[in-house]
Amino acid sequence: MQHRCASTAGGTPGRAPAWPGRPVSRRAVTTAGLLAPLAALLAGCGSEGPGTSPRTLRVLDTYTNDPDRTVIGAALDAAAAKVGVTLERVSVAGDSLIQRVLQQGSSGTLPDILMLDNPDLQQIAATTALRPFDEVGVPTDGYTDGVASAGTYDGRVYGLAPTVNTIALFYDVRALDEAGVAPPTTWAELREAASALTRGSRYGLAFCGNSTYEGTWQYLPFFWSNGADERDIATPEAAAGLDLLAGTVADGHASTSVLNWSQADVKDQFVAGRAAMMVNGPWQIPELETIEGLEYDVVTLPVRDPVTQRPVAPLGGEVWTVPATGDRAKERLAGRVLAEFLSDESLVSMAAERSTVPGRPALIEPFLERRPEMAAFADLVRGARARTAELGAEWPATATALYTAVQLAVSGQATGLDALEEAQEYV
Amino acid sequence: MTTTIRAASPALATAPPPARRPGARHRNRRLVTLLFLGPAVLYLLLFYGYPVVQNVVMGFQHYTISTFFTGEAPWAGLDNYREVVGSPLFRTALLNTVLFTIGSIAGQFVLGLAVALFFRRRFPLSGFLRSLILLPWLIPLIAASAVWKWILDTESGALNRVLVGTGLVDTGVPWLSSTSLALVTVIVVNVWIGIPFNAVILHGGLQGIPDELYEAGALDGATRWRAFRHITWPMLRPVVTVVLVLGVVYTLKVLDIILGLTGGGPANATQTLATQSYQLSFATFDFGQGAAVSNILIVISLIFAAVYLRLNRRAVDE
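If you read the sequences in order, they're chains A and B. Under the numbering used here, residues 44 to 470 are what the first sequence spells out, in order. Under the numbering used here, residues 219 to 536 are what the second sequence spells out, in order.
This is chain A alone, in the form it adopts within the complex (with noise of 0.2 Å):
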């Protein structure tokens, strides 16, 4: 109850003084003294009450949008018949979920069902607030190697991800068209195409380097398929990556506003026409569609050496967790609901539908036969990496550390070697 209000307390960066005004009176110090106990009782922080039926699941996740909202809500129904129980589903907006988290953890409120980013599970792991798969009784195998380490902390699955993505290069079919262009295959090809695509308004390439974990993100891929490992991240096998997207930016051929641009915005630039080729995930694809006279095609970010080199695409995914509640019968009820929720037939058709790719392998067929393509997201997803298989919970001061590189370089404040050392103090 405490910490709650605590939280509210801690995170405003810096409030005004209090107004030196009149001095205050002894008395009124007095006063103050034998009222603190009352303020210390009315302070006390409401409590939001757990559903009272037992038969009722509280559900806490970040889909707000469609088609994801119905998508999700329609499996977690499906889920919840089967085993016979209700869901009370709240969606939150996606960079509050933490702070909600935080919040119903010091309350005591934690949901029965909790959906997280991938890169997060493990620090919410580690706090205790999650049960293992292995108590709750929800299968965990036949999961990719990424799917499996993004959701395992200290040796136990605590949380899976139904369906995974990652981000590859959209391109505009007829510009590359009318440039004589071939989607590019390697790093050289990639400068190449970008510097024939750009004309008037129009840059080579689109791509998010902004100063969040977005921009981390997408530098991922090309850190690394070069080689680079996030344990010591200035190296020059990094550097190659970042000068990779600093030249294009240097070149003239992306615009500076990388360092600004979200994700969305880099989607609103390539469907503005002022971009030929951008980086991107398959979660853009259902707005893609809705454009007219819009042809795209998408094939794997390029790699600085195909012949000895694979692409390596980093995990992107949501995944679902068991909160430890304390009420041992919900939390198996909730384990019941997930292990429904994760079935076959659920996990086909939510990937389908969301455009994203089962995390089990062996359901990449019949969900390529249904949407035939996202063949090279399948491909990528495969092998991709999860951002915390390596560092665990310390992987934020790390993804904050490559981001501030990403900014150095492409704002032409240092190379990417430089970057990267400077960056690494942050670490």
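Since the hints were derived computationally from the structure, they do not count as laboratory data. Any given hint could be a false lead.
[Stated by the list, open to error] Calculated cross-link-like contacts (lysine to any residue; reagent style SDA-like; alpha-carbon spacing at most 20 Å):
id : chain 1 : residue 1 : chain 2 : residue 2
1  : B       : 367       : B       : 353
2  : B       : 367       : B       : 399
3  : A       : 125       : A       : 114
4  : B       : 367       : A       : 305
5  : B       : 367       : B       : 377
6  : B       : 367       : A       : 257
7  : B       : 367       : A       : 244
8  : B       : 367       : B       : 356
9  : B       : 367       : B       : 398
10 : B       : 367       : A       : 311
11 : B       : 367       : B       : 391
12 : B       : 367       : B       : 477
13 : A       : 125       : A       : 182
14 : B       : 367       : A       : 307
15 : B       : 367       : A       : 317
16 : B       : 367       : A       : 255
[Claimed, not checked] Label pairs and their calculated CB-CB ranges:
id : chain 1 : residue 1 : chain 2 : residue 2 : range
17 : A       : 370       : B       : 355       : 44 to 52 Å
18 : B       : 380       : A       : 229       : 39 to 47 Å
19 : A       : 338       : B       : 303       : 48 to 56 Å
[Said to hold, decoys possible] To spell it out: a stretch of chain A is covered by chain B in this simulated footprint if at least three of its residues, at any positions, have a beta carbon under 8 Å from a beta carbon of chain B; those stretches are:
id : region
20 : 164-172
21 : 212-225
22 : 290-303
23 : 430-444
24 : 447-460
Virtual Cβ for every residue (Gly too), placed ideally from N, Cα, C.
We have chain A; now place chain B onto it with these hints.
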């Protein structure tokens, strides 16, 4: 309270009946005073005292995500402060905070004063125009920063299209994506937001200066600049003090505009102590370090408040 009652009781016991009434009335009045004071004191303690104390304490704790679930926040001593002050980002953020505050205050105050002086004259539509000046104040900051971000975009922004269209520049100016320009741009937007506040308060102050002073001054040959220098400015000084103190305190903690426009980038060029504190607390979830930065910010604010109150008191004494 106990001491006062004890002191009053013997008087009640020994005093003859006629003398009782003033004592009772005295006591009643004291009770009424307490009743009136109680809610205010309670409110202050609850909503100002408690959070500030909690924030100070948090700055000395290893307060992380785990704390919310386990309730354990181990004592960290000065670790958080050492870590924060020692980080390379702190110097950048501190310098940016100083530049941002000085730049914003100077711009807001000068332009606000000019607007206030301008609207002292009455002319057709002056009332209408004066209310238009308030507009930036009425727009939610997040909406304002979203619109500004759109206006200032390098390629498609309205400002650059005008500049390129009129041939003033060849290519779009990277207002928000250049490390050397971004801070200036953010300051300009903050000045735009701050003008109404300065103009309104200073305009109020100007209304309080009696016209007779100007008439008397005019007889002595003090008009225009001399009138401003010797009548307006001295008479306006207490209001100026208030505007500047509030301005500094408001500007030090500006967060939403910077987050909305640049998120502290590019390459930390617009990172201030406020955004650093926010990021430590809500992006990396190190609440202890976030609280440490925000405590440093509070101390800076308090120093400013103290300095200006002192100046103000001396001015009043004179």
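Of the hints stated earlier, which fail here? 21
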